[in-house]
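Peer 1: Chains A and B are the protein sequences, given in the same order. Using full-length UniProt numbering, you'd call the opening residue of the first sequence number 1 and step up by one each time. Using full-length UniProt numbering, you'd call the opening residue of the second sequence number 1 and step up by one each time.
These aren't lab readings, by the way, just hints derived from the structure by calculation. Incorrect hints may appear among the rest.
Within a straight-line C-alpha distance of at most 30 Å, the following computed DSSO-like cross-link-like pairs (lysine-lysine) qualify [stated by the list, open to error]: (1) A/52 with A/312; (2) B/21 with A/52; (3) B/21 with B/95; (4) A/312 with B/95; (5) A/312 with B/21.
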Amino acid sequence: MYRIGSGAGFSGDRVDAPQSVVASIAAAGQGGAIIFETLGERTLALGQIARKHHPERGYEPLLEDLLEPVLAQCVANNIVIVGNFGQANPPAAAAVIQAMATRLGLGALRIALVEGDDLTGRIDLAQTERWDGDGRLPDLEGDVIAINAYLGAAPIAEAIRAGAQVVVTGRVADPALVLGPLVAHFGWAWNDLDRMASGTLAGHLLECGSQVSGGFFADPGFKDVPGTADIGFPIAEVEADGSFVITKAEGTGGVVDLRTVKEQLLYEIHDPAAYLTPDVTLDITAVELAQVGPNRVLVSGARGHAAPPRLKATVSFYGDWLGEAEISYAGPNALARARLAITTINERIRMRQLGVRHRADVIGAVSAFDSDEGDLLVDYEDEAPGDYRVRFAFGSNSQRAVEQAVQEVNALYCCGPAGGGGVRQSVRPRVRTISHMVPRDLVEARYRFAEHHP
Amino acid sequence: MSARFTTTALHRIAHGRSGDKGNRLNVNVIAYDVRHWPVLLAEVTAERVAALFAHRGVVQVTRYELPRLGALNFVIEDALEGGVNSSLGLDTHGKCLSYLVLGMEIRVPVEPGGGLPLAPQLQTAR
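Using the sequences and the hints, build the whole thing.
Peer 2: Here it is, written out as structure tokens:
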């Protein structure tokens, strides 16, 4: 049996979560692995921009906060660390980890880098196809920041087999962070598709951290979760046949049960018979779940089919400018005053010919569910006195136009409806991403050990 | 004896989570009690889910059935106003949107003792 835990489910996750996971795996005394998934499509583009401006940056900004408290315990207990915290710059992340190890008196670590995902300047996008899930999104124009392909588990497994204590990746498929260590440990064959599917399923369940162990789950009175301030991150106990138990770190809050596992099992899945990854096409339609103890769910029955012929790649572009500004209206007739603020701003944008995309939400009435056109707000009938916050958003390629639109919201202080208060405003640049499908023979995934400079 | 029915929010008998990839949203809907699986099948159709998102321009919804899990998975195309990097909305990931589906009114059989199914409490491990 092999234990593999999750230390982070996204860039920005709780930084102290890895500690109880590592402590639990260490206490069992048989080694294992801990994975860190900290790389979204947007995060990667931001990393690429950071690296362009500062060659030593472009890796996960929270890397040291996440790793420093657990690095010594991982090394001492034969717990392999695998993370995509290399983002756009795995060598820089490796250097930071080595510096951390030196600081902690651990000496030179065997740190492997996975490379080959960065296709920027190396492929012609015109010869690739767009991923169908982006649907009716318009083609993007402007300067490409980066193109990154989702790599599979092979270079991770090879690095661990070669003795890596830490594996730093850029863009890899999230479940590959887990499948790699499992293949290295059990020696599974790459054409053993059901085991590839099982390892990928374990990865899918672990990759979002506490989302399988009580995070993003609590709904008071319906789905109660104990200890939400101290949710234990998950650990999979994987058997050689590919079945595994999902549990969580000892002495923590949270819950692992059939409901938490089901929600994560179907999270970001489209066709449950064909979840496409670089290593296997995962079929979860015959998966069986069983509660086998407190906070322990046995998962079995994953089936694998041949991996798809092409790899998905994220293409990131410099995007538009996003401006946001908010103002509050409260008390009698507040919603009517909020509505008047919206129509006033619409008219000001027209009068000044700012040409920005714009939208308004009335927080407290209708916001997250509505459309850019405000269809639900138009039909919203409850005009009870309340406490409403109008949130305006403006988008344009022109920074100046967005700044001018935001300034119009500020001007509501004197010129808008009665009793508007609490304006907050921000303007910031965005990146945009779109996915393309890239033939495998254009991608060379590989690992190498980092060179340590004394 | 024919079953009597009443109406309630889907949230009373099912839970779920939404996720995004690009401009495509998925929402899973999972029955707390497998006895309600036929209710999910009959009531929570792709057409009704599409209607919930019609104001956002959605025209295509695919429903996948997972009887072993007592769950449905909906793939909702073009639901995210451009997705996380271009939407002007507050919830650019669509993370709130599972609750738009769970707010749907459905018909459920009246419980043997009368009334609605009880709100489920925390499952303790067996």
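Peer 1: What are the numbers of the hints that this structure violates, sorted from low to high?
Peer 2: Hints that this structure does not satisfy do not exist here, as all of them hold.
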